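So the sequence lines, in the order shown, correspond to chains Z and R.
The C-terminal position of the first sequence is numbered 501 in the UniProt record's numbering, with every residue numbered one higher than the one before it.
The C-terminal position of the second sequence is numbered 464 in the UniProt record's numbering, with every residue numbered one higher than the one before it.
None of these hints come from the bench; they were simulated from the model.
Hints should not be assumed to be uniformly reliable.
What the hints assert, rightly or not - As a list, the in silico SDA-like pairs of lysine to any residue whose alpha-carbon atoms are at most 25 Å apart:
| id | chain 1 | residue 1 | chain 2 | residue 2 |
| --- | --- | --- | --- | --- |
| 1 | Z | 377 | R | 100 |
| 2 | R | 83 | Z | 379 |
| 3 | R | 223 | R | 357 |
| 4 | Z | 141 | R | 22 |
| 5 | Z | 31 | R | 31 |
| 6 | R | 446 | Z | 7 |
| 7 | Z | 109 | R | 357 |
| 8 | Z | 141 | R | 83 |
| 9 | Z | 142 | R | 150 |
Said to hold, decoys possible - Chain Z regions said to be covered by chain R (calculated; three or more residues, Cβ under 8 Å):
| id | stretch |
| --- | --- |
| 10 | 10-24 |
| 11 | 376-386 |
What the hints assert, rightly or not - Quick list of the computed label-pair ranges, beta carbon to beta carbon:
| id | chain 1 | residue 1 | chain 2 | residue 2 | range |
| --- | --- | --- | --- | --- | --- |
| 12 | R | 62 | Z | 379 | 51 to 59 Å |
| 13 | R | 100 | Z | 458 | 26 to 34 Å |
| 14 | Z | 267 | R | 100 | 34 to 42 Å |
| 15 | R | 234 | Z | 389 | 46 to 54 Å |
| 16 | Z | 389 | R | 34 | 22 to 30 Å |
| 17 | Z | 99 | R | 93 | 40 to 48 Å |
| 18 | R | 93 | Z | 455 | 30 to 38 Å |
| 19 | R | 182 | Z | 30 | 53 to 61 Å |
| 20 | R | 357 | Z | 449 | 54 to 62 Å |
| 21 | R | 305 | Z | 106 | 46 to 54 Å |
These figures come from a predicted structure and were not determined experimentally.
C-beta atoms are modelled at their ideal positions from N, C-alpha and C, and glycine is treated no differently.
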Amino acid sequence: MEKWYLMTIVVLIGLTVRWTVSLNSYSGAGKPPMFGDYEAQRHWQEITFNLPVKQWYFNSSDNNLQYWGLDYPPLTAYHSLLCAYVAKFINPDWIALHTSRGYESQAHKLFMRTTVLIADLLIYIPAVVLYCCCLKDISTKKKIANALCILLYPGLILIDYGHFQNIYNSVSLGFALWGVLGVSCDWDLLGSLAFCLAINYKQMELYHSLPFFCFLLGKCFKKGLKGKGFVLLVKLACTVVASFVLCWLPFFTEREQTLQVLRRLFPVDRGLFEDKVANIWCSFNVFLKIRDILPRHIQLIMSFCFTFLSLLPACIKLTLQPSSKGFRLTLLKLYSVILFFFLYHFRPVCLVLSEIPFMSTWFLLVSTFSLLPLLLKDELLMPSVVTTMAFFIACVTSFSIFEKTSEEELQLKSFSISVRKYLPCFTFLSRMIQYLFLISVITMVLLTLMTVTLDPPQKLPDLFSVLVCFVSCLNFLFFLVYFNIIIMWDSKSGRNQKKIS
Amino acid sequence: MAAFTIAAGTGNWFSALALGVTLLKCLLIPTYHSTDFEVHRNWLAITHSLPISQWYYEATSEWTLDYPPFFAWFEYILSHVAKYFDQEMLNVRNLNYSSSRTLLFQRFSVIFMDVLFVYAVHECCKCIDGKKVGKELTEKPKFILSVLLLWNFGLLIVDHIHFQYNGFLFGLMLLSIARLFQKRHMEGAFFFAVLLHFKHIYLYVAPAYGVYLLRSYCFTANKPDGSIRWNSFSFVRVISLGLVVFLVSALSLGPFLALNQLPQVFSRLFPFKRGLCHAYWAPNFWALYNALDKVLSVIGLKLKFLDPNNIPKASMTSGLVQQFQHTVLPSVTPLTTLICTLIAILPSIFCLWFKPQGPRGFLRCLTLCALSSFMFGWHVHEKAILLAILPMSLLSVQKAGDASIFLILTTTGHYSLFPLLFTAPELPIKILLMLLFTIYSISSLKTLFRQSFTVIAQAGLQWH
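Start from the sequences, fold in the hints, and give me the full structure.
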């Protein structure tokens, strides 16, 4: 690519923004006895370094699972072990068993932030750069602009470098992106390997597995199940099995080990109401107290069913007509669905930014906004406002999104044509969407101001968090509808075009 | 929606650049700040709580007021905003007071004052012609100049991390240069006079201004061969220039003249007792001179040419700010440095007088004056290299030769600023920003002048 230096500059900007955000406070700073996610990450380094593998996921006198017990798959544990070795080299006090609980110092903060930056640099950023370079049918300048916008996405930066979540999101997201990249560019084995690594790093990535599975299955069908397709299927199966076995090897020795790890990974008793998350259940809960009506496992089953059912049409279509674009759109729909139903610490990838810039930008802004209560708790108001504004400006100037709000640009042309058959006056769709955007942005800004300046009334201490959650949820509902429309009408127009040609 | 489109449309790349760098500056708020932070807090306190007669006498803190009166008035105005943030910072006795609100206020004041710098850059861009340009926005000289100035690495780390108010001062200087380019000489002179009374370090470049205005403004016409036409001397212009400078100076120093405090003010402004080199040596000629002296003294001791008893106990490398004697080489006095500086700027001044080439020649002379003063001046701070780098940026986007010199100057100059930030958390920031600026400047200037470079390279090949 000719403009390698511009891409380097974009990466450098991304890294600079990340490091400057990391100078701020982290979750649970100076708040004993439990502290926060940062302490969880440090604790895992302590556990994995000092205890044998067999004891990592078990409750014992040395490993109190109530105090930030390990609840992510083995790859996270191995990563923590690696970091622990480095920590031991610099200052063993950081990971000394028992005595290092709640250890906080400037040097340690520097170390932890550096581990995040290195992980990002090695896995996520190359994936983004390569992804943008492999995009087809757009100019080099647009590719670089795309990379800039993705790297400036505030949600990921604020959670990984500000809040410091107990999981390195950039690693799991990076692996998932490698997976998407591999699968879209016909490097199927690499893609599936990367995605398996992603699942083994963070079990939430299982959500993405349905579109992956359907897409790869579709590819095998396309190649013909009797010949090449079957060979591909076998190869894929072997890759998946091999990667899982490699990651879980120490835990496959005993049945009890495997079960215990699974129990830690999928705590069915945690339910859906972890913190005030911006999903449909919390919003619904305001009107109808389902938290109290339904038992926890029923809630979970309901969520899974809803998610599965809403994804089914798109997945079936993907199996029958595997295409890169369809794959990306299905993933996007998946995100909106999951956000709608679950939202448990989830970061969407800006995959279709270049194709539908206006909606993607709006979507990402809302997803950042939904993190507001969490960020305010960690005193990250300034970085969040700054990074959101930077992201917005980058998207506006790179894609000139406000000029791309016509029906065709929003891929709603076929939809509006169909509607106009019944309602001839339905010409104001694009104007309506623009106004909705304006209203949405104004509401978000106002809510932010209110949360920062005013105190909530005594009777409703969580008023602002719930309002944030409610507003975000409304937006996500809108996106859900929108993406569904795109996918369904995309298939119709595809069929029409085939008829014409 | 149309208004939105206009405001945020693609045409406004300049606003996007300015906003982008402002957001970056906001992200730099929690970084390390040097003692200059306390210096400015102290000055806020002094100007707010004490009467004018005390301003240049106050010495509770070691950071006494040593900038000209206009800066003191500026701090006075700021202090009236500061009191809404944190009243405590305005107490003279609150040494090293740095609450989070104080930090926020001070940082925001620097970021806010940079508005003047942004405006000046905008004006400078108008003076650049973009005749032979590529169709792409990123290849236009205006765009490159805007990035080189707005995102200047040196200015970012000195103003927004180390903490100083150079942004708006350089804005004033660039504005006066732009006005001279636009043939609005009176305004240019006015802005420069004001600037001098904000920070007198700009005296480094005053000769360039003086000679240029005298030669190209007061003498209204030239002979056909370019030499001076004595009878075109315009008394009106000389007198009006003199009046402008006089009025500005009167406004600034007048009150102190009335209070009979001028000697005190001058002793604060020009503290020659501070020694030849700053605590951190500026990488200028005297640094080499000191190093040579040290090396010779060590050799001399080893070879027993020198008597150990004659060598002064304190050394120049101890990081203190005092006056010293050299051991082997002759000692350097302020007068010596002045003479060396004058000799260094003489060639460029001669050229400016005898062969004036309009504003561009003036800019060259200005850069050379800044560089010469940096090399040979008394008690030079390493930050002074910015005085040469920023004007040079204007030259770099117009000629290939200037571009290559600029790249050398800016890369070494910026690298020499590294010791200013010595804390561990700031290490990645300074490396990343330095890489960012260096890669951008080299690649963009190379792209801009790729044709000229190709021609030069081809000519070079033909030679062989």
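Status of the hints after comparison with the structure:
1. Between residue 377 of chain Z and residue 100 of chain R the alpha-carbon distance is near 17 Å, which keeps this suggested pair within the 25 Å criterion.
2. Only pairs whose Cα atoms come within 25 Å are accepted, and residue 83 of chain R paired with residue 379 of chain Z is accepted, the gap being roughly 24 Å.
3. For the given pair, residue 223 of chain R sits about 14 Å from residue 357 of chain R by alpha-carbon distance, which is consistent with the 25 Å threshold.
4. Of the pairs offered as hints, the one joining residue 141 of chain Z and residue 22 of chain R holds, with about 24 Å between alpha carbons and a cut-off of 25 Å not exceeded.
5. Using a Cα cut-off of 25 Å, the hinted pair residue 31 of chain Z and residue 31 of chain R holds, with the two alpha carbons roughly 23 Å apart.
6. With a C-alpha separation of about 16 Å, the suggested pair residue 446 of chain R and residue 7 of chain Z falls inside the 25 Å cut-off, and the hint holds.
7. Restraint check for residue 109 of chain Z and residue 357 of chain R: not satisfied, since their Cα atoms lie roughly 57 Å apart, outside the 25 Å limit.
8. Distance restraint check for residue 141 of chain Z and residue 83 of chain R: the Cα-Cα separation of roughly 48 Å exceeds the 25 Å cut-off, and the hinted pair is therefore not satisfied.
9. Under the criterion of a C-alpha separation no larger than 25 Å, the hint pairing residue 142 of chain Z with residue 150 of chain R is consistent with the structure, at around 23 Å.
10. With 10 residues carrying a beta carbon less than 8 Å from a beta carbon of chain R, the stretch 10-24 of chain Z meets the three-residue requirement, and the given coverage holds.
11. Only residues whose C-beta sits within less than 8 Å of a C-beta in chain R count toward coverage, and the stretch 376-386 of chain Z has 3 of them, enough to reach three; the restraint holds.
12. Residue 62 of chain R and residue 379 of chain Z have their C-beta atoms about 33 Å apart, which leaves the hinted 51 to 59 Å range violated.
13. Between residue 100 of chain R and residue 458 of chain Z the C-beta distance comes to about 27 Å, which sits within the given range of 26 to 34 Å.
14. Between residue 267 of chain Z and residue 100 of chain R the C-beta distance comes to about 39 Å, which sits within the given range of 34 to 42 Å.
15. Taking 46 to 54 Å as the suggested C-beta distance range, the pair residue 234 of chain R and residue 389 of chain Z conforms, at roughly 51 Å.
16. A hinted range of 22 to 30 Å for the beta carbons of residue 389 of chain Z and residue 34 of chain R is consistent with their spacing of about 28 Å.
17. The hinted range of 40 to 48 Å is satisfied by residue 99 of chain Z and residue 93 of chain R, whose Cβ atoms lie roughly 43 Å apart.
18. One distance hint, 30 to 38 Å for the beta-carbon pair residue 93 of chain R and residue 455 of chain Z, holds here, with the actual separation near 35 Å.
19. In this structure the hint that residue 182 of chain R and residue 30 of chain Z lie 53 to 61 Å apart at CB holds, the actual value being about 56 Å.
20. About 55 Å separates the C-beta atoms of residue 357 of chain R and residue 449 of chain Z, a value consistent with the hinted range of 54 to 62 Å.
21. In this structure the supplied range 46 to 54 Å holds for residue 305 of chain R paired with residue 106 of chain Z, their Cβ-Cβ distance being about 49 Å.
Checked against the numbered hints given earlier, this structure breaks hints 7, 8 and 12; the rest are met.
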